[in-house]
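Undergrad: Take a look at the letters that make up each chain.
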Amino acid sequence: MQVVANGVALGAVLFLMGSGLALLLGAMGVLNLAHGAVYMVGAYTTWTLAISQGWPLVGAVLAAGAVCAVLGVILERLFRVIPGRPNEQILMSFGLIYVLGNLAQLVWGPVAKSPFQVAGLQGAVQVGDVAIPANRLAIAAVGFAIALLLWLVQDRTRVGAMVRAGMDDAEMTRALGINLDRVVLAVFVLGSAVAGIAGGIGGLVLGASTNQPMDVLLLALIVVVVGGIGSVPGTLVASLMIGLLDAFSRYQFPEMSSVMLYLLMVAVLVARPTGLSGRVA
Amino acid sequence: MPLLEIDSVGRRYGGVHAVQDVSFHVDAGEWVGVIGPNGAGKSTLFNILGGQVTASSGAVRLDGRNVSGLPAHQRFRAGIARSFQISSLFPDLTAREQLTLACRQTGRWNLVRGWGADKSLNERVEQLLDIWNLNRSGGSELPAEMSYGAQRRLELALAVSSQPKLLLLDEPNVGLTASECDDLRDRVAELGDETAVIFVAHDMDMVMGWSHRILVMHQGRLVADGSPEAIAKDPFVEEVYLGVAPVIA
Amino acid sequence: MVGVFSRARRVAPVAILVVAAFLLPFLLSTQQESLLTRALIFGAMAASLDLAYGQAGLYSLGHAALAGVGGYTAGLLMVRYEVQSFWLLMLAVAGASAAASMAFALVSLRAKGLYFILVTLALGQMVANLAQQWDFLKTAQAEAVTGIVMPSLGFATIWNPGTVYQFVLVVVVVMLFTIQRIIGSPVGLALRGARENGVRMSALGYDVWRYRVAAIVLSGTLCGLSGALFAFHSGLIAPSNVGVAASGVLVLMAIIGGSGTRYGAFVGGVVVTLLQFYASEWSMERAPMIVGVLFILTALLIRFRPAAASALRGLLRGEASHASA
Chain A
254 MQVVANGVAL GAVLFLMGSG LALLLGAMGV LNLAHGAVYM VGAYTTWTLA
304 ISQGWPLVGA VLAAGAVCAV LGVILERLFR VIPGRPNEQI LMSFGLIYVL
354 GNLAQLVWGP VAKSPFQVAG LQGAVQVGDV AIPANRLAIA AVGFAIALLL
404 WLVQDRTRVG AMVRAGMDDA EMTRALGINL DRVVLAVFVL GSAVAGIAGG
454 IGGLVLGAST NQPMDVLLLA LIVVVVGGIG SVPGTLVASL MIGLLDAFSR
504 YQFPEMSSVM LYLLMVAVLV ARPTGLSGRV A
Chain B
8 MPLLEIDSVG RRYGGVHAVQ DVSFHVDAGE WVGVIGPNGA GKSTLFNILG
58 GQVTASSGAV RLDGRNVSGL PAHQRFRAGI ARSFQISSLF PDLTAREQLT
108 LACRQTGRWN LVRGWGADKS LNERVEQLLD IWNLNRSGGS ELPAEMSYGA
158 QRRLELALAV SSQPKLLLLD EPNVGLTASE CDDLRDRVAE LGDETAVIFV
208 AHDMDMVMGW SHRILVMHQG RLVADGSPEA IAKDPFVEEV YLGVAPVIA
Chain C
478 MVGVFSRARR VAPVAILVVA AFLLPFLLST QQESLLTRAL IFGAMAASLD
528 LAYGQAGLYS LGHAALAGVG GYTAGLLMVR YEVQSFWLLM LAVAGASAAA
578 SMAFALVSLR AKGLYFILVT LALGQMVANL AQQWDFLKTA QAEAVTGIVM
628 PSLGFATIWN PGTVYQFVLV VVVVMLFTIQ RIIGSPVGLA LRGARENGVR
678 MSALGYDVWR YRVAAIVLSG TLCGLSGALF AFHSGLIAPS NVGVAASGVL
728 VLMAIIGGSG TRYGAFVGGV VVTLLQFYAS EWSMERAPMI VGVLFILTAL
778 LIRFRPAAAS ALRGLLRGEA SHASA
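Protein chains in written order, with the working numbering: chain A, 254 to 534; chain B, 8 to 256; chain C, 478 to 802.
Just so you know, the hints here were simulated from the structure itself, not pulled from any lab data. Ideal Cβ placement from N, Cα and C applies to all residues, glycine included. Be careful, since some hints might not be right.
[To be verified] Chain A is faced by these chain C residues, among others (derived, beta-carbon under 8 Å):
no.: 1; residue: R486
no.: 2; residue: V584
no.: 3; residue: A588
no.: 4; residue: L598
no.: 5; residue: M766
no.: 6; residue: A776
no.: 7; residue: L777
[To be verified] The calculated label-pair distances, taken between Cβ atoms and stated as ranges, are:
no.: 8; chain 1: A; residue 1: R338; chain 2: C; residue 2: F754; range: 25 to 31 Å
no.: 9; chain 1: A; residue 1: R338; chain 2: B; residue 2: R84; range: 31 to 37 Å
no.: 10; chain 1: C; residue 1: V488; chain 2: B; residue 2: E197; range: 37 to 43 Å
no.: 11; chain 1: B; residue 1: R84; chain 2: C; residue 2: G712; range: 38 to 44 Å
no.: 12; chain 1: C; residue 1: F503; chain 2: A; residue 2: R338; range: 41 to 47 Å
no.: 13; chain 1: A; residue 1: A387; chain 2: C; residue 2: G572; range: 49 to 55 Å
no.: 14; chain 1: A; residue 1: P363; chain 2: C; residue 2: G572; range: 46 to 52 Å
Construct all of the structure, not just a fragment, from the sequences and the given hints.
TA: Given below as structure tokens:
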């Protein structure tokens, strides 16, 4: 049960990361490999506020989301000045990963922060005769609340409609006079804020470290490849699969645990190159 | 046996039928013009023949062999070459390099043996540069550095330079002067009496002058199939395509 | 006859450069020799990557893993199975990295466009994780394969930093020559054609997928050979040489030098290796920052200085290939 709780909690964090990455890539054709670096900034910001400064966790996580939203604006600026070709986007992303990672090391030191210990989330919640750790439960709750919110935004709002249109046919959308640049900005800000929140709540089990830009990015992109783009449910299912697979394989075969995730990705690619949701990439 | 048999071919996009239940035959050496208003399904039909798009239904047979399921490169090897309506060139390759690529059949492209220089290939490319009047600065220009007309000539040269059994030309006259258009006709005629040509054009003089037969498409369907004389007199064609007033007396 | 002269004119500067490079050890310190050896190896690795990345337009972020397959194959054969012959080792490395590249190609080419990049990145990291977790890929309680030495050539060889440098130079020149041959051949032209316009290539009768697989296998095999050289020279190979970060730096090398040009990627590999070394001399802790800024500046340079960038590329451009400026 502990394993399932770990898996679902990781799945919730991965969903938040994967949906941001998939939105930018699928709807906007922006390859922002620095998305994991935003997560890291969220994690460290939350650590500073909640652990070091003693803020309540909710406030710290929201503040981390805000900080990352601002970071999202900066990222959008940087990605806008380079043309939308893979070369430049790869270079820009890697540069940001190095610079942000090294800055974090400068500010917070080279030693990783252990999982955040927050008053009120230390115990376990008794459900029947199973004890579920409270922090896992909190992560899952926040994760799925945001999932629902994202789905509503994509399904019910004007920005969401533009995103969906952009995903269907970017050229046509532009021809209809929809300003995609502003949609890109909106997606960058929203995606980064969500990544910051993911970093904050993810810190409850994963702490904060300067390896996260790459580590989290890799997990998120496996989610994107497995889940396919353009479908919130697809991403959700993929995140949960990967979270659970990771938790189980850590438990069952610690020797090969991380390789399992990649093998899942390979299997999905071979069987269904468009991912679970079946959209043409 | 006809060279090409199209048997109730259709293509749907979502609920829209771009091409629906189209059947016709083309014999070796026959030149067939396809006309019809924009959106009639002419380009989709070409894409189905060239293998860029797979038909949702029906069959395409070349020399009696069903080629419907073959990918584009195997259609080419079976003998179908094509040009594109909007020039589909290689932005960062010179005219010389692009024509070299078009000589696949004469060159050594094999992944095992294709590493050496090839003299006969180079000679053929020189010849093509001359024929198509693309030898300005020795064929070292990129498409962006060429005039629109030169780009169109290169586009057609890529299609015509192989020895196809069936040549598909999508609006070949666009961007060409009248004399260049006549040159093109000669180039295509040089392919020999056995080569069949299907072309799309809006210029009725050209269609009447080039075609042995004309197909008329409307809303994804084939609505008429006959000699230029018959098509010019067909009342339905006059109505849906040529407008009420006949263009050709 | 004119051909002979123009060929001589083209080859002469390269030959002079190679001879001069060969004689360099007489002027250099041991440390400089070792640094230059490393620079040559990364130059060759970047040039190998560029066969797929620049020539065929396959934006792979996983090629360090293919180099790693070569490095690990050489290292393990030497340390665990005591194979010492350079020729045998390189043969095994070529086989192993060709097989790995083939698998890499078959999986990654299932994904299209930007997704191809994501998949290559993940596949590359998969190899790094395997190297991290699988005990077979570690020796002597280290997280790496250690204790690798220069192999034997079958005749008396005295290895010192100077001779290692000269030997690596010879191997790298042979590799670069091979790469030039590929770029200049009809197949090389077809790779560029597939990069520029895949739809048109298939309408001209080319099986684009096969050419793409070939590009990845060729470039991966050459990367594997460079990876083996790296292992011989460094004495060890570790997961960090294989992972995403290493692949990213390879891409940076290729682009800085001029991806898709004849010698650009090689020059970029040499320059970036030297830059990395001097950056870490200056400050070990801040070196990643400098490399990161270099990445960002390169991205911006392409945008804001297209003229400067293309002039630089023009210098490095061979007549048969055109950079995607």
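Undergrad: All the hints need checking, so say for each whether the structure fits it.
TA: Evaluated hints:
For R486 of chain C, the interface hint is violated, the least distance from its beta-carbon to any beta-carbon of chain A being 33 Å, above 8 Å. Interface restraint check: V584 of chain C against chain A, minimum CB-CB distance 5 Å, threshold 8 Å, status holds. At about 6 Å, the closest approach between the beta carbon of A588 of chain C and any beta carbon in chain A falls short of 8 Å, and the interface hint on this residue holds. Here the hint on L598 of chain C is kept, as its CB sits about 7 Å from the closest CB of chain A, short of 8 Å.
The restraint placing M766 of chain C at the interface with chain A holds, with a minimum CB-CB distance near 4 Å, inside the 8 Å limit. Checking A776 of chain C against chain A: minimum C-beta separation of about 4 Å stays under 8 Å; hint holds. Residue-level restraint check for L777 of chain C holds (minimum Cβ-Cβ distance to chain A is 7 Å; threshold 8 Å). A C-beta distance of roughly 30 Å is found between R338 of chain A and F754 of chain C, which places it inside the suggested range of 25 to 31 Å.
A C-beta distance of roughly 33 Å is found between R338 of chain A and R84 of chain B, which places it inside the suggested range of 31 to 37 Å. Between V488 of chain C and E197 of chain B the CB atoms are about 41 Å apart, so this pair conforms to the stated range of 37 to 43 Å. Checking the proposed 38 to 44 Å range against R84 of chain B and G712 of chain C shows it is violated: the Cβ atoms sit about 52 Å from each other. Evaluation of the 41 to 47 Å hint for F503 of chain C and R338 of chain A yields a pass: the beta carbon distance comes to about 45 Å.
Evaluation of the 49 to 55 Å hint for A387 of chain A and G572 of chain C yields a pass: the beta carbon distance comes to about 54 Å. Look at P363 of chain A against G572 of chain C: about 41 Å separates their beta carbons, and that is not inside 46 to 52 Å.
Of the numbered hints stated above, those contradicted by the structure are hints 1, 11, 14, listed in ascending order.
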